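Colleague: Here are the chains, one letter per residue:
2 protein chains.
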Amino acid sequence: MLFFTQCFGAVLDLIHLRFQHYKAKRVFSAAGQLVCVVNPTHSLKYATTHCAAAQASTEQDILPPCHHHEAVHDPQLVPCTCPLFSCPWEGHLEVVVSHLRQTHRINILQGAEIVFLATDMHLPAPTDWIIMHSCLGHQFLLVLRKQEKYEGHPQFFATMMLIGTPTQANNFTYRLELNRNQRRLKWEATPRSILECVDSVISDGDCLVLNTSLAQLFSDNGSLAIGIAITTSKAHSSEAEM
Amino acid sequence: MLFFTQCFGAVLDLIHLRFQHYKAKRVFSAAGQLVCVVNPTHSLKYATTHCAAAQASTEQDILPPCHHHEAVHDPQLVPCTCPLFSCPWEGHLEVVVSHLRQTHRINILQGAEIVFLATDMHLPAPTDWIIMHSCLGHQFLLVLRKQEKYEGHPQFFATMMLIGTPTQANNFTYRLELNRNQRRLKWEATPRSILECVDSVISDGDCLVLNTSLAQLFSDNGSLAIGIAITTSKAHSSEAEM
Numbered sequence: 001m002l003f004f005t006q007c008f009g010a011v012l013d014l015i016h017l018r019f020q021h022y023k024a025k026r027v028f029s030a031a032g033q034l035v036c037v038v039n040p041t042h043s044l045k046y047a048t049t050h051c052a053a054a055q056a057s058t059e060q061d062i063l064p065p066c067h068h069h070e071a072v073h074d075p076q077l078v079p080c081t082c083p084l085f086s087c088p089w090e091g092h093l094e095v096v097v098s099h100l101r102q103t104h105r106i107n108i109l110q111g112a113e114i115v116f117l118a119t120d121m122h123l124p125a126p127t128d129w130i131i132m133h134s135c136l137g138h139q140f141l142l143v144l145r146k147q148e149k150y151e152g153h154p155q156f157f158a159t160m161m162l163i164g165t166p167t168q169a170n171n172f173t174y175r176l177e178l179n180r181n182q183r184r185l186k187w188e189a190t191p192r193s194i195l196e197c198v199d200s201v202i203s204d205g206d207c208l209v210l211n212t213s214l215a216q217l218f219s220d221n222g223s224l225a226i227g228i229a230i231t232t233s234k235a236h237s238s239e240a241e242m
Numbered sequence: 001m002l003f004f005t006q007c008f009g010a011v012l013d014l015i016h017l018r019f020q021h022y023k024a025k026r027v028f029s030a031a032g033q034l035v036c037v038v039n040p041t042h043s044l045k046y047a048t049t050h051c052a053a054a055q056a057s058t059e060q061d062i063l064p065p066c067h068h069h070e071a072v073h074d075p076q077l078v079p080c081t082c083p084l085f086s087c088p089w090e091g092h093l094e095v096v097v098s099h100l101r102q103t104h105r106i107n108i109l110q111g112a113e114i115v116f117l118a119t120d121m122h123l124p125a126p127t128d129w130i131i132m133h134s135c136l137g138h139q140f141l142l143v144l145r146k147q148e149k150y151e152g153h154p155q156f157f158a159t160m161m162l163i164g165t166p167t168q169a170n171n172f173t174y175r176l177e178l179n180r181n182q183r184r185l186k187w188e189a190t191p192r193s194i195l196e197c198v199d200s201v202i203s204d205g206d207c208l209v210l211n212t213s214l215a216q217l218f219s220d221n222g223s224l225a226i227g228i229a230i231t232t233s234k235a236h237s238s239e240a241e242m
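Chains A and B, in that order, give the protein sequences.
The UniProt record's numbering numbers the first residue of the first sequence as 1 and each following residue consecutively.
The UniProt record's numbering numbers the first residue of the second sequence as 1 and each following residue consecutively.
Looking at chain A on its own, in the form it has when it is part of the complex (with noise of 0.2 angstroms):
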């Protein structure tokens, strides 16, 4: 009986993706860009001071909560800097990829041109919609945070950071970009090294920042499609250089 109620579940959870992925196409049908539907996540590490009962993720029935690593004793190891858990895990740079996939689930996308399209906009604070992308040789991450920086004022962050260093990460500037209505919103900057603190990013505001209407003017039906392009910045790496 409880395998058959799980068959349906997973059926239902397939029809609700292939819906969500059919509404991606439609939105960017002329773009004919790669269509990524990315399910929030309730991040652990407020777990204590906000319920987490409202978002049920499988990866927080995987994962043991436990404390984030403040600094990197060893300056070769980087810590996990997924932000959805206070993971005790690290290792160094090149192995950091692997961890995402294999430990936190991350999806991890190919192509310079991507659709992410996060889904159940209207969950409560805080929550994480993360994937990582892969192009120019490089992997990147992008974090959709959900979060209330004033207390009952519920703001979404958007950024991407290198998955490599912040010598690197000056070589490549990333644009994330809403399209929704006759309006359109881009954000445009030089990526931010994964050995940054996310949080740190998101506090200071250097980032795409949305106040809760217009995300909704940018929603469709709960969902906010984020154009995602990445580039080479000449201008930046011979910055680096000097």
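Hints in this document: simulated from the structure, not taken from any laboratory.
From a predicted model like this one, the values you see are computed outputs, not experimental measurements.
Some hints here could point you the wrong way.
What the hints assert, rightly or not - Here chain A is said to cover these stretches of chain B; the calculated rule only asks that three of the stretch's residues, wherever they fall, bring their Cβ under 8 angstroms from a Cβ of chain A: (1) 88-97; (2) 198-206; (3) 213-221.
Unchecked claim - The calculated lysine-lysine pairs, modelled on PhoX-like cross-linking and capped at a C-alpha distance of 25 angstroms, are: (4) B/K149 to B/K186; (5) A/K149 to B/K149; (6) B/K149 to A/K186; (7) A/K149 to A/K186; (8) B/K186 to A/K186; (9) A/K149 to B/K186.
What the hints assert, rightly or not - Anything over 12 angstroms on all C-beta distances counts as not near chain B; from chain A, calculated: (10) E94; (11) H138; (12) A189; (13) D199; (14) G205; (15) S213; (16) D220; (17) S223.
Quick reminder that beta carbons are idealized off the backbone N, C-alpha and C, glycines included.
Start from chain A and add chain B according to the hints.
Modeller: Positioned in the frame of chain A, the structure of chain B alone reads:
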């Protein structure tokens, strides 16, 4: 003696303006665009709830405080839509520009692409920076407002209104662009008609919205340079005709 003091004040103002203009030209020198320095004006509308002592405006001295017209009784008449003041004036659309220029001393600039340099961004909310922009045979009103939508958390809102009807407004697209320190933020939308209320556009959040931290990232010594471009939107005009 009073005459000499006023003359000295005027000379100081000119030096300040010249300095601001030089800064703006430095920021946008490559683009070769017309730079307009826009000084802030404290909103009289909010004078009853906020302290207006921090900002002295010549316009405030000239115009007596008065009640705002909530509705237009004669459909052919437009109330004064200048967001600076609760002004009792009403008149036909054709004379709104001359009213704004003569009574409220709002400057008007020519050109498809200009740079709006808002000075003294640190001033407390509520503060407005306003200019008129003439291009493509029409006049537009650009409003940048610093407002505390949530108490203690001032935000900046920028929008463009057409001094014309909503049908005419549908024929245009405006773009606001911030560009500094390898970061770029662009907002593109159809301008609203001046017949709609600028307050409701801002309270709906249907405009470029900046947190204080983002505004600081894009500011240079307390001045924020916003590149403005207006184009005709054929797609929108064909939609309007349908």
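Colleague: So, for every hint listed, does it hold in this structure?
Modeller: Structure-based check of each hint:
no. : hint             : result
1   : 88-97            : violated (count 0)
2   : 198-206          : holds (count 3)
3   : 213-221          : holds (count 3)
4   : B/K149 to B/K186 : 22 angstroms, holds
5   : A/K149 to B/K149 : 14 angstroms, holds
6   : B/K149 to A/K186 : 23 angstroms, holds
7   : A/K149 to A/K186 : 22 angstroms, holds
8   : B/K186 to A/K186 : 5 angstroms, holds
9   : A/K149 to B/K186 : 23 angstroms, holds
10  : E94              : 27 angstroms, holds
11  : H138             : 18 angstroms, holds
12  : A189             : 5 angstroms, violated
13  : D199             : 14 angstroms, holds
14  : G205             : 3 angstroms, violated
15  : S213             : 3 angstroms, violated
16  : D220             : 16 angstroms, holds
17  : S223             : 19 angstroms, holds
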